[in-house]
Amino acid sequence: MLNCSDFVREYSDYRDGRVDPVRRAEMEAHLAGCSSCARYDRVVVAGVDELRSIPEIEPSWEFLPRLQHRIFHLEDGLSPWRRSERSAMSPAFVLLLVLLIGAAAWVPTLRRQAALVELAPVAAVAPAPEPDVHTLFREGPLLESRPVLLPLDSPSTPLTPTVFFRYTRLGSNVVYRTASVSPR
Amino acid sequence: MGKPTIARTFGSEPEKRHSELQDLDDSALAAAFLDGNKRAFTELADRYHTRLLNFVYRTTGDRERSEDLVQETFIRVYRHLHRFDQSKKFSTWVYTIASNLAKNELRNRSRNPLILFQTITRGWDSDERPLEWEDHTYRPDDLFRKRHLRSMVETAVGELPEHHRTVFVLREMEGKTYEEIAEITGCNLGTVKSRLNRARNSFAVLIEPLLA
Ligand SMILES: [Zn+2]
Chain A
173 MLNCSDFVRE YSDYRDGRVD PVRRAEMEAH LAGCSSCARY DRVVVAGVDE
223 LRSIPEIEPS WEFLPRLQHR IFHLEDGLSP WRRSERSAMS PAFVLLLVLL
273 IGAAAWVPTL RRQAALVELA PVAAVAPAPE PDVHTLFREG PLLESRPVLL
323 PLDSPSTPLT PTVFFRYTRL GSNVVYRTAS VSPR
Chain B
57 MGKPTIARTF GSEPEKRHSE LQDLDDSALA AAFLDGNKRA FTELADRYHT
107 RLLNFVYRTT GDRERSEDLV QETFIRVYRH LHRFDQSKKF STWVYTIASN
157 LAKNELRNRS RNPLILFQTI TRGWDSDERP LEWEDHTYRP DDLFRKRHLR
207 SMVETAVGEL PEHHRTVFVL REMEGKTYEE IAEITGCNLG TVKSRLNRAR
257 NSFAVLIEPL LA
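Taken in sequence, the protein lines are chains A and B.
Here the numbering used here = 1-based position in the first sequence + 172.
Here the numbering used here = 1-based position in the second sequence + 56.
Chain B extracted, bound-state conformation (with noise of 0.2 Å):
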């Protein structure tokens, strides 16, 4: 049994038709849906779900919570196209909006992942300077490290303050352009640029001591 696609879960219209939806890119889609034709919309989250799901959940790190976001991510897509200006890409606004919900959430969780990142710059003149390699006289062994070069990369991008975390994963991980990064986090240019730029350095300093 293959993986459970919308189109297969949303009915029972022919796979002919499904097929047909495939080859449209989003802008059609998103015209055929606002035509009528409910089947765009399907096509459309079954396109997007999981990496909007693996976007959130590198923002968030919540995987549950993650499904929560990505399915409210579509509903407001259903009830809020008609006003997606389609001159624009689709997967700009499909990312605004799941962004915007992950960024709510963290503000209500009221954490605050703000405090190894201003440990780890505290006492630095200005975010351009240099990072000064220490000399490790303790490396872990290749197992060790190999075990946890994973999991410390994922924690270095999860103690990113979150606006850094967002521009550094949809650049990295989302392959977005600045200026679509811009468009999602409704900042400018030099914020955006600014900003990854800090959040590569903290992960660099986060994940250095691993990478011998």
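This is chain A alone, in the form it adopts within the complex (with noise of 0.2 Å):
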């Protein structure tokens, strides 16, 4: 006789139909005259539909386009070594190549050496110093900030405003040009 052990013991055989149809004549039997595993019986029935009516979730919008990025980097990442497998690239083509990278990051080296020549002396004039110009050409930003000095003993200094100037080099041929301001 069959009874409450045995129905939950084998609960999942007669709910999966994995009993054969001798025995599931007896556990429905005892579903009949047991309200206890009748109402196992029931919970289990009403929570799993009610877990079934749960809507699925979706994938997020960008699940596909992101799921395509990453294959894209994979197949970017794997494609030099399945051409490789395809091709049967020996270990010695590969070293091959080692040596050839090699050599080419020599070749610089090289070229460099070979170009050194032991060239003749040349004599030279060296040219002679330009004399100190005393003016108030300045190179650099205006002298506006300057303060002029005058002599003290030459008051009849005529009243001429203040000329300030600048030059500027301009080209390889050193041309100077002059500018003027009034000041301030």
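These are computed hints drawn from the structure, not numbers from a lab.
It is possible that part of the hints are untrue.
To be verified - Which bits of chain A does chain B cover? Going by a derived footprint, with three or more residues having C-beta under 8 Å, they are:
no., stretch
1, 181 to 192
2, 208 to 221
3, 228 to 240
It should be emphasised that the depicted structure is a prediction, and the values quoted were computed from it without experimental measurement.
We put the CB at the ideal spot given by N, CA and C, even for glycine.
Each of the two chains sits in its own frame; use the hints to bring them together as a complex.
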């Protein structure tokens, strides 16, 4: 005679249709007469039904583009090796490639050494140093901030406006251009 | 605008080609992919990504992480399809990959989902002991019951120990056979049966108060 313990132990087989017809009839007879096991069965069935009624979650919109992106990079990373597998690239060929790359790296060094040539000494006359030019012309910013000191013994110095200059070096021919600005 | 299928996302080959692939079963698609038809992979991904997402979500309970795990599942499919035994079911293989990733995820999380389960089962003499239903004096009203039933059944699944939850979800939600579950989880049939029975028992204990 099937009891509650047997029923619960074999419940999954019963629910999933994995018991033979005779056993199934016995379990159904027990269900009909046992409120506890009948309730157990109802709770499992109703709970699973409720669970199945919950809407499925949907993948986010970016799921497939993201997968596409990852596959693309996977292909990118795998392809040289796949190509090498297809063409059965031998270890000797790999070694040859390494040697070629190494040799290529040494080429600039070798060429530099070959270009070293000892030249005959050349006599040259050093240019005379340019004399200092005492002038208001100064290279650089405007001299407007520099005070101009007038001699104390020349009160008759004409009260002409002081003019400040600057020059600008233009190009390689050293052309000087003057400009003037009014004093503040 | 329709739902973005992987076929729409993955390129510009004619729709006719895509519909031809749609007619193929999983094994034929796997074979086509191994023959160099990359679109066959996209069809497989299109076919399985939503159901795998739901399976992994029900197993891990983490929506965002589930997407990552399903992505990883497809990356592994792409890389290792040449190892797939084509005499077997593709769906079982892909679920095995997803299940293993979910299992690792839960292991890494280092949280213990066994606590409630152990509380429920503590004191039982055996797993086969029949449930003794209490006479509940308090019954929530219908509105309350309806509102909470859905979240309770979800919570109940989440409270199951991982190895019970996986077989429960595979059987009740994914409709896998015992043999498929055994293959996916790497267990023998007896273990699958035992775990499924315990999972159903625990599930019933958790939700019974809400099912008058
Ligand atoms: Zn009974």
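How does the stretch 228 to 240 of chain A fare against chain B when you require at least three residues with a CB closer than 8 Å, holds or violated? Satisfied; 12 residues make the cut.
Three residues or more, CB to CB closer than 8 Å: is that satisfied between the stretch 181 to 192 of chain A and chain B? That given contact holds, which follows from 7 residues of the stretch 181 to 192 of chain A lying within Cβ reach (below 8 Å) of chain B.
Taking 8 Å as the Cβ threshold, is the statement that the stretch 208 to 221 of chain A is covered by chain B upheld or broken by the three-residue rule? holds (count 10)
Consistency note: the structure conflicts with none of the earlier hints.
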